[in-house]
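Engineer: What follows is the residue order along each chain.
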Amino acid sequence: MAGAALRRLMAEYKQLVTNPPEGIVAGPISEENFFEWEALITGPEGTCFEGGIFPAKLIFPFDYPLSPPKMQFTCDMFHPNVYPDGRVCISILHAPGDDPMGYETSAERWSPVQSVEKILLSVVSILAEPNDESGANVDAAKMWRENREEFNRISEKIVRKSLGL
Amino acid sequence: MEDKKETQTNIPTEFNPDLNQDELIMQRHREIEKEIWESTSLVCEKEELSSLEAEYITDEVYQGKVKDLLRKYRYIRRTRPDGNCFYRAFAYAYFESLLNHQREYESFREIIMKNKSSLMTSGFSAVTLEDFHETFMEVVDVLSKGTSAQDELFKLFNDQGYSNYVVVYLRLITSSQLQLKAEFYQNFIEGDRTVAEFCHQEVEPMYKASDHIHIIALSSALGVGIRVRYMDRGQSTEAIAHDFPEGSHVHVHLLYRPGHYDILYPIDTN
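Protein sequence lines, in the order shown, are assigned to chains A and B.
Numbering-wise (my numbering), the first sequence opens with residue 2 and increments by one.
Numbering-wise (my numbering), the second sequence opens with residue 45 and increments by one.
Label-pair ranges, simulated between beta-carbon atoms:
{"#": "1", "chain 1": "B", "residue 1": "D103", "chain 2": "A", "residue 2": "T75", "range": "54 to 64 Å"}
{"#": "2", "chain 1": "B", "residue 1": "A240", "chain 2": "A", "residue 2": "A12", "range": "21 to 31 Å"}
{"#": "3", "chain 1": "B", "residue 1": "G291", "chain 2": "A", "residue 2": "K58", "range": "51 to 61 Å"}
{"#": "4", "chain 1": "B", "residue 1": "C88", "chain 2": "A", "residue 2": "E33", "range": "31 to 41 Å"}
{"#": "5", "chain 1": "A", "residue 1": "F63", "chain 2": "B", "residue 2": "E196", "range": "20 to 30 Å"}
{"#": "6", "chain 1": "B", "residue 1": "E196", "chain 2": "A", "residue 2": "E51", "range": "52 to 62 Å"}
None of these hints come from the bench; they were simulated from the model.
The C-beta atom is built at its ideal place from N, Cα and C for all residues, glycine as well.
Produce the entire structure from the sequences given, and follow the hints as far as they go.
Structural biologist: Shown next as structure tokens:
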């Protein structure tokens, strides 16, 4: 089973290298282990995360793509859909029925035809537009709703830190 | 691996706001579910249908239906109740019958090869589709060996790698068929979901159970007739049959008990 997962991960990696989506770089941390990837996500333009480059790691299960990977930012991140420890909590990382946050029924879910690329694009889109219904970080969700100015100020700090400034 | 540790060490301890408690409970739930699943093989050996009688000794309604089934069927082959059972039972039963019908095998192979391009137009990318297609074809090609491949087929269907990829590919065929004929199938979808949303949530993901709509779509996509015998609490003394698509020539017989499908073998064959 791990053989099939490896084959698929190699194919996805090749695809991401030859045809990279804008603002996203991703690949295995080492050639020795294709089940751990690092991704760099550029903060989307016109949002409070603009200009930041955010590293994250993806851990794939041996039955990938039947089950989804897990994703965790390895930099500071203050966002409604990211746990304080960096773990990303969005619907595409969960199979239907596996529903910690009671996502809307129309939300995109994990299935074997999803991909790393689709996950990363979803992450870019929640950076631009957090889903404040799912409070992985309750403080961030509250601040996003009630004090956008403060939220933007914190984001700016995170952006600068991500660039080593 | 990491997660298991997390569950074991964190559930009994104090509340930790950094951990999502719901997620931990769900994970526990999944582990228990998995244990139950794994007590049944993906596809079991054939057994005498009379073994069902013992399961319902105290239940008159079900007993009557078992008696009815015994008049028509001889064997049952159980499958793992993991939400994939319809696809797995269907594939095994149909593939097994193709071992004896090489002409039909040839035309089935052609249908699958043609079908691949309609999967591409349903929006599945080549990268995600290719592996499932290849593995599916690997299993299909075994059928060309005829009856001597019976054991090999059984082994492949009990190998998670092959067996689950066959299930995925049938899920994709089902999804593609539903989306191709979206106007028709929309009428059968409850709530305000579109056919595409329904497919992404109820068809494409593994372990999601199947209903009539899935069966109709798959049987018509492949042109393979499926007879499902329903064993439920309904008052009829017969285990009622539904044929999909309606009026078709039946290739595969399945037994439905609430939430689960197994394979049935009619008395007149073997």
